[in-house]
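**Student:** Protein chains in written order, with the numbering used here: chain S, -3 to 123; chain X, -3 to 123; chain Z, -3 to 123; chain F, -3 to 123.
FYI, nobody ran anything at the bench for these hints, they're computed from the structure. On a predicted model such as this, the values are computed, not experimentally measured, just so you know. Accuracy of the hints is not assured; some may be wrong.
When chains are identical, the list treats them as one kind, so a pair holds in a single copy or across two.
Below are the PhoX-like pairs computed for lysine-lysine, each with C-alpha atoms no more than 20 Å apart in a straight line [what the hints assert, rightly or not]:
| id | residue 1 | residue 2 |
| --- | --- | --- |
| 1 | K78 | K101 |
| 2 | K78 | K122 |
| 3 | K77 | K122 |
| 4 | K59 | K27 |
| 5 | K83 | K27 |
There are 4 protein chains.
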Amino acid sequence: MELENTLIDLLGIEIVELSEERAVATMPVDKRTHQPFGLLHGGASVALAETIASIGTFNLIDKEIEICVGLEINANHLKGKKDGVVKAIGTPLHRGKSTMVWDIKIVDEEDALICISRCTMAILKKR
Amino acid sequence: MELENTLIDLLGIEIVELSEERAVATMPVDKRTHQPFGLLHGGASVALAETIASIGTFNLIDKEIEICVGLEINANHLKGKKDGVVKAIGTPLHRGKSTMVWDIKIVDEEDALICISRCTMAILKKR
Amino acid sequence: MELENTLIDLLGIEIVELSEERAVATMPVDKRTHQPFGLLHGGASVALAETIASIGTFNLIDKEIEICVGLEINANHLKGKKDGVVKAIGTPLHRGKSTMVWDIKIVDEEDALICISRCTMAILKKR
Amino acid sequence: MELENTLIDLLGIEIVELSEERAVATMPVDKRTHQPFGLLHGGASVALAETIASIGTFNLIDKEIEICVGLEINANHLKGKKDGVVKAIGTPLHRGKSTMVWDIKIVDEEDALICISRCTMAILKKR
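All chains, full assembly: derive it from the sequences and hints.
**Tutor:** Right under this line is the structure:
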């Protein structure tokens, strides 16, 4: 998958692990992901979470005949962060034929929870 | 509020209206906000929605003694989009002393609904 | 549709309007829907919201070949209520081939917002 | 806490464990919690989830000076169920001064996931 010229690349998101069981990515906390008061923008966290769910689902579908799209995402922001790096760990809670549901935990360098998210992906047949 | 050196600036988000009744912003759909298949990244939509709720709430609080932070956000992605511009219209559904809840609708140039989001902001006393 | 011997009947929910454009139902606030402190239980509000989305979707699908199931629901509780009746007004925000998304507003007798909810329904082919 | 004359009692919900680390409750799947097609009503699952988060939070606050109210709840329905009993296991993901966030997993007798929910509770000072 080509990440150049995407939001994913722009935010500095890097996929560091991708398997049947989980997807993991990192994202820097700097001016690219800050809100006006110098803290991690909640929207950056959600963009990271949705990236994880999308790439994790894409990794599990039959790419010959299926595509996947994000249906719904939600997130609680639990802790502020000024700099450094966050890590997102995504786990498929449900692997159905037409939907997958992912749990995504975003943590800081000490594994403290920054954001908790859940994302519902739809799996559609290619036409 | 200084938007330079923030995610908001990076994504090309522009605040075009800000009042007691609503907050409106635009965001381009281009390589800055694309996912790998050239469509609007759902995470970009949510970043736009949370920006609207945050700036809309900040506009309504007593900035001498209060600050606001995002607690929760959710969104349904309803329609894909390849290029052009999206517009987000935020409306405060609830204006409480300790929380505000915003409804955010993101539409395309023909006012078709691209994404619907709801965001809960906490209002805290400065210490 | 037979509502006897269901949660819907048990909570005293009554469907008062059902059309292509919206679904409306009422629910009493009494010991059937109270939490331990004598206020409307948030779970009762969500049960009302999901009932509206389900019946509203069922009304719009092709019942010969399709069924519908709830995928996701979310809700913000905005105002407490001790007694009387609440009314839920559901509107389809999105009518797709495989999903519908409903906005549900729950109001009191003076139309003040008690709860705001959004529900994603899946439409599946009968096998 | 008195559960008689509440929704909790009406649905047959029983609290089976309550500690600093988690709250667990059971709920029967029968006519009290069915939707019209004889399956567990998604709204019953959410009522169970919100009950867990509320009672779990109430157990952790300083009841002399604090009260708690539900702010937001969301849930994905992952699997249907016709009869028997479901069990909900709630865990506090975040214990803040003004909010708590709970993860609630609802499982069947074989520990298969029926519903996954997250609930945000507000902690307020008594006046």
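**Student:** Looking back at the numbered hints, which does the structure fail to meet, lowest number first?
**Tutor:** Checked against the structure, the only hint that fails is number 4, while the rest are satisfied.
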